[in-house]
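These protein sequences, in sequence, are chains A and B. Every letter in the first sequence is one number past the one before it in the working numbering, and letter 65, counting from 1, is 65. Every letter in the second sequence is one number past the one before it in the working numbering, and letter 68, counting from 1, is 68.
Derived from the structure by calculation, the hints contain no laboratory data.
If we take Cβ atoms under 8 Å as the criterion, some of the chain B residues that face chain A in the derived model are:
| hint | residue |
| --- | --- |
| 1 | S156 |
| 2 | G158 |
| 3 | D186 |
| 4 | A219 |
| 5 | E220 |
| 6 | P259 |
| 7 | G261 |
No residue lacks a Cβ here, since even glycine has one placed at the ideal position from N, Cα and C.
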Amino acid sequence: MAEKMIELQNVKRYFSNSQNIFTKDKRDVKAVDDITFTINEGEIVGLVGESGSGKTTLARVLLSLTKTTDGEIIIDGVNLSKATKKDMERLHRDIAVVFQDPASNLNPRETVESSIMRPMIIHGVPRSEAKQKAREVLEMVKMDLRYLDSYPHQLSGGQLQRIAIARALALSPKIMILDEPTSALDISVQAQILNLLLDLQEEMGLTYLIITHDLNVIKYISDKIAVMYLGKLVEFGPTEEVADYPSHPYTKGLMDAAPILDPRLRGREKYIMEGDPGSLMNVGAGCRFFARCKYATQECEYHDPAKIMVNNEHQVACFNPLKI
Amino acid sequence: MSEDLLRLEHLSIDYKVKGGYLSAVNDVNLRIKKGEILAIVGESGCGKSTVAHSIMNLLPGGNESVEGRIMFRGQDLRTFSWTEMEKIRGKHIGMIFQNPLDSLNPVYTTGEQVQEAILIDNVDKVLAWQKVCDLFNDVKMPDAETRARSFPHELSGGMRQRVMIAMMLSREPELLIADEPTTALDVTIEAQILEIIKDLKHTHNTAIMMITHNFGLVAEVADKVAVMYAGEVIEYADIFEIFENTQHPYTKLLMKALPRGTKKEGRLQTIDGSVPRILDKKPCCRFANRCPYAEERCFKETPRETEVNEEHMCRCFLVEGKEEV
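When you get a sec, could you build the whole thing from the sequences and use the hints?
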């Protein structure tokens with residue numbers, strides 16, 4: 001049995017929101033609501049959901065960039081709410097992050113070398129060692145060492161994304177959180193980055209949490225898929241099961257909406273969801289997918305479905321899960 | 001065989017830049033019939049948007065030189081004056097863009113903006129408003145009447161794109177140019193918008209030129225596909241031909257670079273190198289420096305457009321060679 005790397009138990013992140021500063025009527029925006037799931041060591045988990053479903057908030061919670069409202073997060077044996085300063089320091093080295101737009105998260109006035117060295121210097125690695133390591137990680141991402149002295153504006157999107165990955169690798173992390181790592185890239189470059197991520201994962205046994213809205217990418221790269229809808233985790237399980245035999249009507253709708261790369265299949269039967277996800281501002285007491293769900297019953301309107309297990313590894317939050 | 005609605009003949013566009021002319025589009029020949037969906041695919045910087053904008057005469061102006069002909073219903077749009085073009089835009093050729101928020105005025109309600117487009121044709125105001133509501137229903141806008149009185153910021157991305165489609169539909173153009181119409185939208189919304197676009201083709205017999213980088217969309221809606229690389233159309237074919245009888249090495253590699261299955265089926269194909277910036281037009285195949293099959297000839301001569309079969313054109317010596325044998 002693989003070891004648990006990231007454990008989330010009933011994690012919640014609410015943002016308070018009041019219509020104006022004089023009213024006492026405060027409503028919470030439940031950006032991440034009661035999420036429970038586990039990522040094992042060496043697993044690649046893909047997190048999908050439409051915009052506003054709370055994917056990025058969940059990533060920020062894991063990176064301790066924002067505090068949880070409630071619930072427990074245990075990363076590599078450390079409980080975030082009880083962690084000491086020393087624990088946190090170690091965690092910050094263990095978790096690395098790569099964002100969507102590589103151009104905007106590299107300092108335009110720093111060379112590639114100093115951008116890669118910066119996290120190491122912040123964590124107290126001696127300069128000479130950091131310099132050496134910067135060369136190593138650049139080789140790991142298959143880039144020529146001559147780019148060390150380049151500035152971000154001299155590089156292409158794919159190269160910048162490689163630099164961002166190299167920088168994330170600098171502190172030898174165990175976990176990488178990748179927020180839309182390929183959505184700003186062209187197809188041929190996307191293929192290079194996906195291959196690179198898979199190579200690195202196999203070499204170093206990294207654990208990935210990949211956030212993306214591209215379902216073909218998710219199906220290709222991940223071992224497990226987690227589907228979020230308006231702050232809720234609606235389904236989580238092995239890729240083949242979730243992609244081919246989804247249990248939650250939303251997952252089914254999402255998978256059907258994904259374009260298939262075969263023109264012969266275009267007339268296939270599709271379940272096209274109506275409406276749009278709406279906003280987190282006005283969610284009712286019931287299932288958040290209620291308004292768009294064609295299987296909805298009265299129960300769904302008033303009660304929030306708890307998670308049920310389809311099998312050992314496959315969880316779904318629905319009163320009427322689809323039969324396989 | 002119905003006649004071509006739009007035909008691009010030897011269209012070349014060069015931008016004057018420091019140190020010479022940047023060849024953005026080179027010798028593009030395309031045709032589109034009524035009720036046909038033509039998808040133009042390619043990576044960023046391949047000139048697909050430049051082609052679309054040149055049809056509407058919307059290029060930045062000043063530093064570009066355009067050659068070739070843009071034949072729309074038998075007339076060359078390039079000979080039209082600005083006022084004549086204004087009669088074509090919207091009335092005969094409609095266009096929708098990637099980000100609808102950029103195209104909508106934030107201080108007018110969405111209904112007013114669509115109504116404005118209808119009023120150009122001297123329609124009575126009340127009737128025009130009625131038409132707005134009908135159009136909003138046509139594009140499956142939820143609560144059409146209320147939404148027509150909403151401002152753009154009150155709508156979601158999908159609804160804004162619906163407003164743009166309604167506006168475009170209001171004057172019933174024969175040709176719609178859609179420049180990455182769903183790139184900014186979520187997949188479920190994308191699927192809904194695609195359904196509307198497909199309906200257009202069936203109900204109004206509108207010809208649609210769709211510009212996209214997403215092969216998935218192409219597989220879902222297109223009838224004909226043109227693949228562009230570094231300013232040239234390197235392959236043009238019927239949708240099934242392009243997916244099942246791919247000829248050009250670039251298209252072949254792209255098809256294999258797309259994630260289809262799971263990682264258990266092996267790594268993805270990559271294309272080494274990057275798209276060249278073509279400053280001087282010397283004869284060569286523009287893909288030669290990245291092509292695994294490149295021969296000496298590819299660096300010295302420009303491959304001709306060769307017919308693979310009636311509805312399939314490819315610009316590659318490999319295909320040219322086969323033809324001669």
